[in-house]
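Asker: Given chain A, put chain B in place with the hints provided.
Chains A and B supply the protein sequences, listed in that same order. Just so we're aligned, residue 1 is where the first sequence starts under UniProt numbering, counting upward by one. Just so we're aligned, residue 1 is where the second sequence starts under UniProt numbering, counting upward by one.
There could be a bad hint or two in this list.
[As the list claims (entries may be wrong)] Okay, the calculated bits of chain B under chain A, using three or more residues with CB under 8 Å as the criterion:
1) 5-15
2) 21-31
3) 39-50
4) 68-74
[Stated by the list, open to error] Label pairs and their computed distance ranges (CB to CB):
5) B:LEU6 <-> A:TYR720: 32 to 38 Å
6) A:ILE569 <-> B:SER136: 24 to 30 Å
7) A:ILE574 <-> B:PHE64: 45 to 51 Å
8) A:LEU622 <-> B:SER136: 18 to 24 Å
9) B:GLY87 <-> A:PHE16: 21 to 27 Å
10) B:VAL85 <-> A:TYR642: 35 to 41 Å
[What the hints assert, rightly or not] Under the rule of at most 27 Å between Cα atoms (straight-line distance), these lysine-lysine pairs were calculated in the BS3-like manner:
11) A:LYS760 <-> B:LYS63
12) A:LYS521 <-> A:LYS440
13) A:LYS522 <-> A:LYS433
14) A:LYS47 <-> A:LYS100
15) B:LYS56 <-> A:LYS760
16) A:LYS760 <-> B:LYS60
17) B:LYS59 <-> A:LYS668
18) A:LYS536 <-> B:LYS56
19) A:LYS57 <-> A:LYS47
20) A:LYS668 <-> B:LYS56
21) A:LYS760 <-> B:LYS59
22) A:LYS529 <-> A:LYS157
23) A:LYS362 <-> A:LYS433
Everything labelled a hint here was simulated from the structure, so no lab data went into it. In this text, a Cβ means the ideal position worked out from N, Cα and C, and glycines have one as well.
Residues per chain are reported as follows:
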Amino acid sequence: MLIAILTGFVFAILLFFGGKNIVSGKLALLPALIPLSLFIYFVRFIKDISNNEIVHKTYEWIPSLGINLSFTLDGLSLLFSLMITGIGTLVFAYTSAYLKGNNYLDRFYGYLAVFMAAMLGLVLSDNLISLFVFWELTSISSFFLIGFNNTSLASRKSAFTALGITGLGGLLLLAGGLVLGSITGTYDISEMLQHKDLIANSDYYLLVGCLIFGAAFTKSAQFPFHFWLPGAMKAPTPVSTYLHSATMVKAGIYLLFRLSPLMGSTNFWNTTLTIVGLITMVYSAFHCLFRTDMKGVLAYSTISALGILVFLIGLGTQESFLAAGVFIIVHALYKATLFMVTGVVDHQAGTRDITQLSGLRKVMLPVAIAGILAAISNAGIPPSIGFVGKDLIYEGTLHLENSAILLTAFAIITNVLISYAGYVAGVKPFVGKLPEKFEKVKFPHFLLWFPPVLLAVAGFVFGVFPFLLQDSLVKPIVQTTGLNTSEIHLKLWHGFTPVLGLSALTIGSGLLLYFLLKPSKKLEQFIAKFDKLSPKSIIENVVLGFTNFSGFWTSTFQSGYLRNYISIIVLFLISLMGFTLLDGTTYKVDYSSFARITVYEVVILTILVLSIGLIVFAKSRLAAVVSTGIMGYSICLLFVFYSAPDLAMTQFAIDTLTVILFVLVLYKLPKYLNLSDYKMRIRDGILSIAFGGLISILALEVLAQPVNSEISDFYAKNSYLLAHGKNVVNVILVDFRGADTMVEISVLAISAIGVFGLLKLRLKSVERFQK
Amino acid sequence: MKTLILRTASNYLLPILLLFSIFILLRGHYLPGGGFVGGLIASIAFVLHAFANGLKDTKKLLKFHPGFLMPIGLAVSFLAGLLPVIGFDEPFMTGLWMHDTIPVLGALGTAMFFDIGVYIVVQGVTLTIIFTISESA
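Here chain B stands alone, though its shape is the one from the complex:
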């Protein structure tokens, strides 16, 4: 499916879709969205790129195997849950929130980092499965 139109478009679509996925991830706390959907959208972006340019190019673009995203994401989520235990003497996974809000992001809390972890894991899982299957099928 290496058409010129799709290939050219996918080069522009990839960053836009990735930005969109981050947008979806961050708005999740107030509006429809969240880490899970965000992660899926981001993986769709990469899969689209792979469709247009071939898997090799996408892998080159990623520089590392998407499988490594899984432990990273799990660690981010776990640390977000652990932070209250270590820093504030609260039970595991208590939500902590900053008093002031930050422009664009809004209120900052551990839940957001947890969601970022989910985002990364979902991306790692989807891309690992799809890449592995398309390579060996």
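With the rest of the complex left out, here is chain A:
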């Protein structure tokens, strides 16, 4: 299973080396084999999963912190894996025709492969920490994909917004995961389930809930964080199809679904989800009415659909989970189709403006069929799977104990509006008269029209034979929530029930709305007036304020003079330490612990003091630098006396290099010296004496404390036994705390690159003017 996840990453790395030749030209279809083979791999599990088996695999990563790469394949993750790889295959194939001849097709496939791998990792992870890692990886790859047209400002801006919002959510997820981990003592979700009571009774339950909600709502574009999704439509259409309708935005839904048995069934959990879902679904469904861009319409209807899912999870009954599970499938099938159809129309006709498009069936019949079929499924007209899905939603809301009528009414309104959105995107461009300017539109490439047709037809096959999904996917999904699944029977025809009436009402009103209301620019302008009140502009203003504040902060404290930085740092330390030391510390000096002063020490101290005096009163830079070198060497000698040879060696080398560096720079500087005046010297003198005094007091106090040598004893005892080394310092560096060293040398390398970049790559002032 690890291999299945890593394939995408490996492929992306391989593309790095000469990928351009591989994916351009006739072999462009080749990358689609990767999701296809993964799809087949996951299909093989359907049988096991439908027998209520759960596949579990653990690879140790950082066992000492309880962070492992443990993967679980159950009903829920199987459904998502199939969607990711299945729709992924079609999107990969579709891309090869959609972005044909694009110079950066290899990059695009690389990002797409990374995304697919990360998404698979996300839904398969059982460990919350590794889930977080994959979660962030999807955000990052999504950032690159949205900003794929990196020459357009709007695209870059949308990419940043999306990364900002979803990245923030990711951090909330990490925080939530850490709190959950500290409550239960494990990061594995499957193990957490056994400590359900601990979580529910914990003082931090509300906190965890808010953090998890924050993560899920940002990722799944719930109100008021929904606005990044319409912006993300700047991405090429295959990306919108894949990330922003079928898979990534459902990661939040996945998280809520996954954690429902763990944290659900409380008033807080259910009410919050229901209300947020309700607001989102109605709010964005209304927004669909005011859009003229096909992708804009679809974006808002996607947000609305995500709202429905959150709402259903919030209801928390067996029927609502069933409805949510089926609706995930339904939505993925028809929305991916509609997006692909939009992409074809855009690609061939060159516009997505719904007010201009009509009659395109005459030039691209298969696309028209796909669009119309998807719109039918979207509207929930039998015999599509959409009908089954919608019925289940109504059954879920009608059988509630509280406010069933109210919630059902909201569900109906949303569904009517969504079905209108479907007609606008899936039917409107293809019916009516073909305008003259579109008569010469060419018939699309096979790979452009076939994937949407396949998906749309699948929606009807599952609609006519719903039992295909029943045991294989739907039951195991509900099973993961821990509820009874024996009474689940997916059927197209339920007989004459109230639900059927509601369905008919929805379909009728949807059609009526479509015939009465034509999308127009006027409506779009009307809604634009309210932009100032939208969460988007509010959050944008907050971000702007934050930037201004940090600009102010930087210009106040970052003067660019190193001496000022040092003064500020020292002053801060003095006030912090001084406050702690003055605040109720009893001073006692343990004279007995002092060793006798030797001649060497006296000599070195004298040298030290003399060199410091020389630094302070030197008349030339070079002399001052050389004196700092003397001071450094004397300190090294002190280290040697106090048996810290490793430290002394390093310090010697560093001091030598520092002096050399100083000399190299100073050698070239003009002779003119701007010495500081007396006032500054007195100020600096007071500051240094205060700091030195504080450090001395601190050192004396530390000496008076009883020594706790547990840690050093551990290292001394185990460095040879565990790490085969006798030099404890070095063993700590390369073995016990090797990961630290690894990060440290990376930081070193980064800082060297920084120095190189600052000095070598700076633009000459002339070049800068030209830019």
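Answerer: Using the frame of chain A, we list chain B on its own:
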């Protein structure tokens, strides 16, 4: 600072100092020393050479930009950490040790390769910084 004495001496000092730095690197596991100090000493050797003969000569001697040492060193350290994962099914950065000892080197383990990586990175970083600054100052 191109004095004849220093120039002549630095030609002999460079190999000796480099050998010394490797000596320091290898003894690190049992006695004071290690990759970090070793790397610093090696860079001092090159810097001394640059002082005596001019930066151009040292660069010619090195044949490639010292910056390339950074990724190489990072890769060596990372692979030393990765080896237990790939070959022995152990967590990342588990120390592996050979049973037999090799003359001169003593016991051979992944920690030593990790340290060699540190040695290379430190050299690359110091030389890159010093060369860049002395070129553009």
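Asker: If a hint holds in the structure, say so; if it does not, say that too.
Answerer: A quick look at each hint next to the structure:
no.: 1; hint: 5-15; result: violated (count 0)
no.: 2; hint: 21-31; result: holds (count 5)
no.: 3; hint: 39-50; result: holds (count 5)
no.: 4; hint: 68-74; result: holds (count 4)
no.: 5; hint: B:LEU6 <-> A:TYR720: 32 to 38 Å; result: violated (43 Å)
no.: 6; hint: A:ILE569 <-> B:SER136: 24 to 30 Å; result: holds (27 Å)
no.: 7; hint: A:ILE574 <-> B:PHE64: 45 to 51 Å; result: holds (47 Å)
no.: 8; hint: A:LEU622 <-> B:SER136: 18 to 24 Å; result: holds (20 Å)
no.: 9; hint: B:GLY87 <-> A:PHE16: 21 to 27 Å; result: holds (25 Å)
no.: 10; hint: B:VAL85 <-> A:TYR642: 35 to 41 Å; result: holds (40 Å)
no.: 11; hint: A:LYS760 <-> B:LYS63; result: holds (19 Å)
no.: 12; hint: A:LYS521 <-> A:LYS440; result: holds (26 Å)
no.: 13; hint: A:LYS522 <-> A:LYS433; result: holds (22 Å)
no.: 14; hint: A:LYS47 <-> A:LYS100; result: violated (38 Å)
no.: 15; hint: B:LYS56 <-> A:LYS760; result: holds (17 Å)
no.: 16; hint: A:LYS760 <-> B:LYS60; result: holds (19 Å)
no.: 17; hint: B:LYS59 <-> A:LYS668; result: holds (20 Å)
no.: 18; hint: A:LYS536 <-> B:LYS56; result: violated (57 Å)
no.: 19; hint: A:LYS57 <-> A:LYS47; result: holds (18 Å)
no.: 20; hint: A:LYS668 <-> B:LYS56; result: holds (17 Å)
no.: 21; hint: A:LYS760 <-> B:LYS59; result: holds (16 Å)
no.: 22; hint: A:LYS529 <-> A:LYS157; result: holds (22 Å)
no.: 23; hint: A:LYS362 <-> A:LYS433; result: holds (9 Å)
In this structure, the earlier hints numbered 1, 5, 14, 18 are contradicted, and the remaining ones agree with it.
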